[in-house]
Amino acid sequence: MKGSSRAHAALIWAVVVTAIAVPIAAAAMSPLLQWRGAVYIAAGFAGIVAMALLLLQPLLVAGALPGLSGRSGRLVHRWAGGLLVVTVVVHVAALWVTSPPDVIDALLFASPTPFSFWGVVAMWAVFASALLAALRWRLPLRPQTWRLAHTGLAAVIVVGSVVHAMLIEGTMETISKFVLCALVTVATLKVIVGLNIRIRRSR
Amino acid sequence: MTDIITTRRTLLAATGAIVSTGIAGLILPAQAKGVAATPSMRGGANNYLSGAPIVERIGGGGFWMTGTVRRAGDGAPLQGQRIQVWAHTTEGDERDARSHGATLTDANGEFRLEMPQIVPAFGQAHAHLAYDSDEFETVFLRPVMASASETRLSADFVLQPA
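Protein sequences, first through last, are from chains F and A. Throughout the first sequence, residue numbering follows our numbering, covering 53 to 255 in sequence. Throughout the second sequence, residue numbering follows our numbering, covering 53 to 214 in sequence.
Only chain F is shown next, with the shape it has when bound in the complex (with noise of 0.2 angstroms):
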């Protein structure tokens, strides 16, 4: 490896992790924090662990982590959205505990706050397109209509979280978590993009 090559490595990586690091430090220091139960305080780290694999997802899946392209970036996209899941899972349960009817209403869509909306829908988004990905082989779908899908899908995650996580007073800290939002948008729009001109150029 170059070491110019070996720069634009620890760059790449030292923004990756500057963008995840810092949101959930500044989170860690709210003052709110100090007025939460701890079921209530898992459930907003849930969200932000949550909101940090969705800017990994879009970079392994491109292979676009030095260290991590190809198949070895697909493997952890992979177990990456198992983990996402989970984390979404936890994001709610325990939410649930901390308040049941306010978890309730925005499951129903019927909760007053409207970013409630905006994360039910990623919700649904994540399981659909976590779902797609365990039944690839299974499902009688062309590959070209399975990536339309499971991309589909992960636009819908990407604007639903961002729209969510941008309209909550919480333990995030404004800027940090404009940034988190930011990148993980443009992450994702640049790689499907790129995947369409891939796919084009291939045919």
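Since the hints were derived computationally from the structure, they do not count as laboratory data. None of the hints are false.
Just some of the chain A residues that point at chain F, by a computed CB distance under 8 angstroms:
id : residue
1  : Arg94
2  : Thr142
3  : Asp145
4  : Val171
5  : Phe174
6  : Gln176
Quick caveat: nothing in here was measured; it's all calculated off a predicted structure. Just so it is clear, CB atoms sit at the ideal spot from N, CA and C, and this is done for glycine as well.
For chain F, the structure is supplied; the task is to place chain A on it using the hints.
Frame of chain F; chain A shown alone:
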């Protein structure tokens, strides 16, 4: 006679004024009926506990929940009405019994209840209020604070006789 309607312009203006007043009177009959009852808000009843005690203040105080209670129709202030308040505060979450308290309205239909500072929970800094006695229809409100740094919040009830 010529002093009143001297020009074509004033004639048109006067005609316009008479017509618009007449139309407004036809399409806005609700004003004649008076004050409409306040509907319950979405999520207003979440974590409601019936029979919260009437208290001097909830916990250590420092935050003021205020508002008015009036009767639907004539808008008359209602004295002695029991209003229940609860919220996620610096001293407990919405499900804790110690976060709940009630107060009574004065002769002007106004209520004031001191409580701990409300902090953002479930995405918004908000409170819950209930009118849940028998005389009028039950109403649940869920006002949201414009900013989490505010130290007061108000909510107004217009009640429909049960």
